[in-house]
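Engineer: Chains V and W, in that order, give the protein sequences. One point on numbering: in this note's numbering, the residue at position 17 of the first sequence is 17, and numbering is uninterrupted. Count along the second sequence starting at 1, add 1000, and that's the number in this note's numbering.
Accuracy of the hints is not assured; some may be wrong.
What the hints assert, rightly or not - No farther apart than 27 Å at their CA atoms in a straight line, the calculated lysine-lysine pairs in the BS3-like style are these:
#: 1; chain 1: W; residue 1: K1005; chain 2: V; residue 2: K58
#: 2; chain 1: W; residue 1: K1020; chain 2: V; residue 2: K74
#: 3; chain 1: V; residue 1: K140; chain 2: V; residue 2: K172
Stated by the list, open to error - Here chain V is said to cover these stretches of chain W; the calculated rule only asks that three of the stretch's residues, wherever they fall, bring their Cβ under 8 Å from a Cβ of chain V:
#: 4; region: 1042–1053
#: 5; region: 1165–1177
Keep in mind that the hints were calculated from the coordinates and are not lab data. C-beta: ideal position from N, C-alpha, C; glycine also.
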Amino acid sequence: MKNPFESLNNLIKIEKPPEKRMIRHSKEREIIDTALANLSESALGQELVQFITENNIKITVLRGRDNRDYTPSKDSVFISVAEDMDADDPEITIHLVAAIRESMQEHDPMLRTPSLDQGEAIYVHRMGQKDDDKLIWQTKVTYELGKLAKKSEFIDSFTLMGYHSLIDVYEKELNEN
Amino acid sequence: MNWQKIDRQQSHDILNHIAKVSDPHLFSLQSSETSFFSPPFYKDYFVYRVTNFATLPSFSLDFLSNGESYYLLDGSPTPINTVNKSGALHLSEANVIAYTEFYLSNIRGDDGDIYMINDMESLPFIDSLGADQQLNLKQNHESPVAKWDAERGHYTIHADLFYGGTLIKSVIYVDTYGILEIQPREMIMNSKIDFQGKTA
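Please take these sequences and the hints and turn them into a complete structure.
Structural biologist: What follows is the structure in structure tokens.
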């Protein structure tokens, strides 16, 4: 029986000094530059880049166990990236799309996070709208990068994230219109 | 793990410490809180969980800390190995299973998360299994057992592990520095479990 834990055993035995940065990613600058360069190759991505430039939005890359986006306020966006992940992994750009879009939402009265004082139903409904909106932007930017800019690795990453069907739906919509 | 909330002042101290090295918005004092648990295998080190509830889903980071040094549990083995080397680790037959469960739950391999199956009902993916798979798992599952091997100078744990979509009866060797080595014994299920834990 081949040992399925072989790479895990090797990972455990690697001796590395502790990261000096408490929570920030060691390749933060490279990751941000790469992701923004990717976004610039898509029309919608350019809107996101323009938004962060015009509004002085700060991007921070955290070291994380899981890759995800996180936008706790309208002026700061965070993405969490595993330390051993390649800085040019397309998944990072796709998460950055969601993080920046969430910041844009906070500047839009129709998509801003409501206060819980407005009632739980309104809050839950709006949060659902915000999630859907982020996913639509991720789909469109991934489509533009993967199909129009011919960077098929973006489609592959989106597929691994479980969303390939959204690319098909979006492409069908475009063809029908 | 028995998480407990820490008092407001201590929580603010930790949040301010994080704000200094990142961004005050990451964990704002108004919407964030800190909890901790005391691992039975560490002396003077606690696990702190800082959570911001401003977003859905909420956002958390876990740290190993003695109050002075903070090591982010970032999915790599380095923070745990570093704390172990400081002399804080005190393993025994009574706590080595808890240690191994903690270690495995805080690292990520090439095939994603790895789970040591201790309590069947608390498995995060148990509800995603079919009834026949759940029955098969329950019939074949044995709770982890740990023994000290004085001749070889390590603990030996027999445990069922879930990794890469497969359930495997395994033996885990843990040396006194807390370094693990895992060897498979037999598959509990031959076919891979259809489990998608990844989200965007």
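Engineer: For which of the previously enumerated hints does the structure constitute a violation, in increasing order of number?
Structural biologist: 1, 4
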